[in-house]
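Quick note: the sequence shown uses our numbering, first residue 80, plus one each step.
Hints may be right or wrong, so weigh each one.
Unchecked claim - Simulated restraints, written as ranges between beta carbons of each label pair:
1) Asn325 to Phe185: 17 to 23 Å
2) Thr130 to Asp341: 22 to 28 Å
3) Ala362 to Lys124: 28 to 34 Å
4) Ser368 to Ile108: 48 to 54 Å
5) Asp434 to Tyr126: 51 to 57 Å
6) Arg355 to Asn390: 23 to 29 Å
7) Arg467 to Glu320: 56 to 62 Å
8) Glu398 to Thr130: 52 to 58 Å
9) Lys247 to Asp114: 47 to 53 Å
What the hints assert, rightly or not - Only pairs whose alpha carbons sit at most 25 Å apart, straight line, appear in this in silico SDA-like list of lysine to any residue:
10) Lys109 to Val402
11) Lys109 to Phe331
12) Lys411 to Phe101
Since the hints were derived computationally from the structure, they do not count as laboratory data.
As the structure is a computational prediction, the values presented were derived from the model and not from experiment.
We put the beta carbon where it would ideally sit given N, CA and C, even for glycine.
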Amino acid sequence: MTSASIALSADASAVVLKEQGFAEPIRFIKPTLPDLDSVLSQYRKVYDDGTITNAGLVRAFEKRIEERLRIQHCVAVSSCTSGLALVLRAFRLDRPEVIVPSFTFFATGHAVVWNGLTPVFADCDPLTWTVDPNSVEASITERTGAIIGVHLYGNPCDVVALERLAMKYDLKLIFDSAHAFGSSYRGRPIGQFGDAEVFSLSPTKLLVAGEGGLVTTTDPVLAHSIRAARNYGDLGAYDPEILGLNARMTEFNAALGLAGLDLVQRKVDRHNEIARLYDASLAGVAGLSFQSIHSGDVSTFKDYSVSVDPNAFGMSRDELAQVLLAQNITTKKYFSPPLHRQTLYAPYYETRSCDLRNTNRIADTVLSLPIYESLSDETVRAVASAIRRAQH
80 MTSASIALSA DASAVVLKEQ GFAEPIRFIK PTLPDLDSVL SQYRKVYDDG
130 TITNAGLVRA FEKRIEERLR IQHCVAVSSC TSGLALVLRA FRLDRPEVIV
180 PSFTFFATGH AVVWNGLTPV FADCDPLTWT VDPNSVEASI TERTGAIIGV
230 HLYGNPCDVV ALERLAMKYD LKLIFDSAHA FGSSYRGRPI GQFGDAEVFS
280 LSPTKLLVAG EGGLVTTTDP VLAHSIRAAR NYGDLGAYDP EILGLNARMT
330 EFNAALGLAG LDLVQRKVDR HNEIARLYDA SLAGVAGLSF QSIHSGDVST
380 FKDYSVSVDP NAFGMSRDEL AQVLLAQNIT TKKYFSPPLH RQTLYAPYYE
430 TRSCDLRNTN RIADTVLSLP IYESLSDETV RAVASAIRRA QH
C-alpha cells in the first residue's frame, strides 16, 4: 500500500468515526501469536512422552532467554507475580520493608505482602512516570530491606540511580520487568540489572506464553533457590530447602514462548512506530502530555498512554474515555487508582505516608490507548482524530 493510499484510508476512517464511530469496536489489545503448527511441532514430542511440566522445553526456553539477554541464569515460572514473590522469599530479608512505586499494577505490591513484608510507597518521576530515585531514598530507613523498580509500560526506570542506592544502603534490588521484555537501558537489554529481574509472559505482553514468567539473575545461589522454590522448595530429594510454591511452567507455555521469541523484535519495532504516530498525530493538543523516554533507552510501549489535564484539555480523563467508548474505541486507565489509594494498600500508606503528588496527578489523568502490532496506521490516526475532536 502506498503512502498516498494510506492517507486516503485514514481520512475515510476519520469520516466514518466522526459521523457514527467505528462500525466494530477497536480492541485495546490483540496479541500477535506464532503459527500454531510451529508451537505444536515442538510440543508434540513432549506430549507424546507425557513430560508436560517443567521439563526439556522449559529448559530450552530458559537457555534461549539467557542467550538473548546475555544473562547467566534464567528461571521460568508460572507468572511474573509468583516470580516476584519467590525472589523476595529467597532473599530471606531480615529488614521487613520493601520500597515500591505506588504507580504500578497491584501484583507488584502483592508479592511483598504475600511474604509478610511491608510495602512502602515511593513517588514517580513527573516525566518518565517511573519510580523517582529521590523519593526512594527519602523512604529508606533502618527497616528497609529491598527496593522494587518497575519498568512502567516498558519504559526503563533509572536503573543506575537505583543500583547506587541499593549499594549505598546495602539493599536488595528487584526490577519488576513485566512490561519490558524487548526494552533496553542505555543499549543493554532489560534483564541484566539488579539482583533479579522478573518478566511477565501473559497475553498483554510482547512475548506471550499464554501465562508464565521469567526470573533473570547473575547470582547462581539465587537461581538455585528459585528453581527449588518454584517446585514447592524441592529439587528432587523430597526434602524442601525453601518454603516454595507450585510455580512451575508447563511445557506448552514454554513451546508457545519459544515459538514467539522470533516475533519480539518486530513487535517492539511496530509498537515504537505506533507510538511515534500517536505522538505526531496528537502533537500540539492542549492538555495532553506524554511519557518521556530517555534517548538512550528503548521502550516496548507495551502500553501507550497520555495524561489528560482537564483544565487545559476541556474535559477529564474519565469524560474523554466515555467519549471514545461511545465511538467504539476501547481505552484503559493503567494504573488508576494507584496502590496507596486501593483498599488493600491504603492502611500501609496511612502508617508510612509520604509525598506522592506526582503519582496522584498522573494516576488521575492517565489514559492508555489501543496499541498492538496489527493496529493499522489508519486506525491510529482515526483514534487521534477522535481525541482531537473531543476537545472541541
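*Is the gap between the beta carbons of Ala362 and Lys124 within 28 to 34 Å?*
The hinted range 28 to 34 Å is violated for Ala362 and Lys124, with Cβ atoms some 52 Å apart.
*Using the Cβ atoms, figure out if Arg467 sits within 56 to 62 Å of Glu320.*
59 Å, holds
*In this structure, is the beta-carbon distance linking Glu398 and Thr130 contained in 52 to 58 Å?*
At 54 Å between Cβs, range holds.
*Do Thr130 and Asp341 keep their Cβ atoms within the hinted range of 22 to 28 Å?*
24 Å, holds
*Regarding Arg355 and Asn390, is the given constraint of 23 to 29 Å on their beta-carbon distance met?*
28 Å, holds
*asked:* Can you confirm whether the C-alpha distance between Lys109 and Phe331 stays at or below 25 Å?
replied: 21 Å, holds
_Satisfaction of the hinted span 47 to 53 Å by the C-beta atoms belonging to Lys247 and Asp114_ = 49 Å, holds
*Compare the distance between the alpha carbons of Lys109 and Val402 with 25 Å, and conclude whether the hinted pair is satisfied.*
22 Å, holds
*asked:* Hint check: Lys411 vs Phe101, CA-CA at most 25 Å. Holds or violated?
replied: Roughly 18 Å separates the two Cα atoms, so the pair holds.
*Measuring from beta carbon to beta carbon, are Asn325 and Phe185 in 17 to 23 Å?*
Check passed, 22 Å falls within 17 to 23 Å.
*Consistency of beta-carbon spacing, Tyr126 to Asp434, with hint 51 to 57 Å*: Distance hint for Asp434, Tyr126 holds at roughly 54 Å.
*Does the Cβ pair Ser368, Ile108 satisfy 48 to 54 Å?*
23 Å, violated
Comparing the model with each earlier hint shows violations of hints 3, 4; every other hint is respected.
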